[in-house]
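A.B. asks: Just so you know, the sequences run in chain order A and B.
Here my numbering is used: the first residue of the first sequence is 339, the next is one more, and so on.
Here my numbering is used: the first residue of the second sequence is 15, the next is one more, and so on.
No lab work stands behind these hints: they were computed from the structure.
Careful: at least some of the hints might be erroneous.
[Said to hold, decoys possible] According to the in silico footprint, chain A covers these stretches of chain B (three or more CB under 8 Å from chain A):
hint	segment
1	55-66
2	71-81
3	98-107
[As the list claims (entries may be wrong)] Derived pair list, reagent style DSBU-like, types lysine-lysine, alpha-carbon separation capped at 35 Å:
hint	chain 1	residue 1	chain 2	residue 2
4	B	K70	A	K391
5	A	K395	A	K349
6	B	K56	A	K395
7	A	K408	B	K81
8	A	K408	A	K395
9	A	K395	B	K107
10	B	K70	A	K395
11	B	K56	A	K349
12	B	K81	B	K56
13	B	K56	B	K107
14	B	K81	B	K107
15	A	K408	A	K349
16	B	K81	A	K395
17	B	K107	B	K70
18	B	K56	B	K70
19	B	K56	A	K391
20	A	K408	B	K107
21	A	K349	A	K391
22	A	K408	A	K391
23	B	K81	B	K70
Glycine is no exception: its CB is placed at the ideal position from the N, C-alpha and C atoms.
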Amino acid sequence: DAGITQSPRHKVTETGTPVTLRCHQTENHRYMYWYRQDPGHGLRLIHYSYGVKDTDKGEVSDGYSVSRSKTEDFLLTLESATSSQTSVYFCAISERGGSQETQYFGPGTRLLVL
Amino acid sequence: QKEVEQNSGPLSVPEGAIASLNCTYSDRGSQSFFWYRQYSGKSPELIMSIYSNGDKEDGRFTAQLNKASQYVSLLIRDSQPSDSATYLCAVNKAGGSYIPTFGRGTSLIVHP
Numbered sequence: 339d340a341g342i343t344q345s346p347r348h349k350v351t352e353t354g355t356p357v358t359l360r361c362h363q364t365e366n367h368r369y370m371y372w373y374r375q376d377p378g379h380g381l382r383l384i385h386y387s388y389g390v391k392d393t394d395k396g397e398v399s400d401g402y403s404v405s406r407s408k409t410e411d412f413l414l415t416l417e418s419a420t421s422s423q424t425s426v427y428f429c430a431i432s433e434r435g436g437s438q439e440t441q442y443f444g445p446g447t448r449l450l451v452l
Numbered sequence: 015q016k017e018v019e020q021n022s023g024p025l026s027v028p029e030g031a032i033a034s035l036n037c038t039y040s041d042r043g044s045q046s047f048f049w050y051r052q053y054s055g056k057s058p059e060l061i062m063s064i065y066s067n068g069d070k071e072d073g074r075f076t077a078q079l080n081k082a083s084q085y086v087s088l089l090i091r092d093s094q095p096s097d098s099a100t101y102l103c104a105v106n107k108a109g110g111s112y113i114p115t116f117g118r119g120t121s122l123i124v125h126p
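Take these sequences, add in the hints, and give me the full structure.
C.D. replies: Written out as structure tokens, the structure reads:
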């Protein structure tokens, strides 16, 4: 258990409303990630962070923004939710063991945009 | 062409058999390789990592890496119904940021 929690775990919202998902870690890892997972597409990286206030885009970043004001929290915001953003969202951290990094995932957030 | 390719399956094997899951990747600069297991409705769980050519064994699981042929495989011996899940292959390049690329996963069904 890498000490990752996500909130909320389930959310239903309407098209056009803003949504913020929170990822919280307890072990001071430098790297944090947001992925979405959809049938037929697998895990796709939305944004990642390599430190406080240091973030970068992944392959499917359009329509999403992130913020990391504290090491332990990484927020994902959908500024104006669309039905295409209905998905399961996973937060992850990477942990360095020796010279190698390994990624661990949070429990996920199921988002339904109506 | 996706950078990391997996057969989506489902791969169906009888209980007690060896399940063989394969993954190919396109970037020759890839240096670290991972297998995750994901049960339906759950998050991916790391089960194996491998960094050098050859085999790496952990209990009933064996990861095999062949960098020259750009493939990595996962063997599950004595398959159990509890092994039924989707298996994700992830590949990472050397140096810089740790940003692994995931395959779409292979669904494994182990039937009694």
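A.B. asks: Could you run down the list of hints and mark each one as holding or not?
C.D. replies: Tested hints:
| no. | hint | result |
| --- | --- | --- |
| 1 | 55-66 | holds (count 7) |
| 2 | 71-81 | violated (count 0) |
| 3 | 98-107 | holds (count 3) |
| 4 | K70/B - K391/A | 38 Å, violated |
| 5 | K395/A - K349/A | 24 Å, holds |
| 6 | K56/B - K395/A | 25 Å, holds |
| 7 | K408/A - K81/B | 39 Å, violated |
| 8 | K408/A - K395/A | 19 Å, holds |
| 9 | K395/A - K107/B | 17 Å, holds |
| 10 | K70/B - K395/A | 34 Å, holds |
| 11 | K56/B - K349/A | 16 Å, holds |
| 12 | K81/B - K56/B | 31 Å, holds |
| 13 | K56/B - K107/B | 27 Å, holds |
| 14 | K81/B - K107/B | 12 Å, holds |
| 15 | K408/A - K349/A | 24 Å, holds |
| 16 | K81/B - K395/A | 29 Å, holds |
| 17 | K107/B - K70/B | 20 Å, holds |
| 18 | K56/B - K70/B | 26 Å, holds |
| 19 | K56/B - K391/A | 30 Å, holds |
| 20 | K408/A - K107/B | 28 Å, holds |
| 21 | K349/A - K391/A | 26 Å, holds |
| 22 | K408/A - K391/A | 8 Å, holds |
| 23 | K81/B - K70/B | 14 Å, holds |
Of the numbered hints stated above, those contradicted by the structure are hints 2, 4, 7, listed in ascending order.
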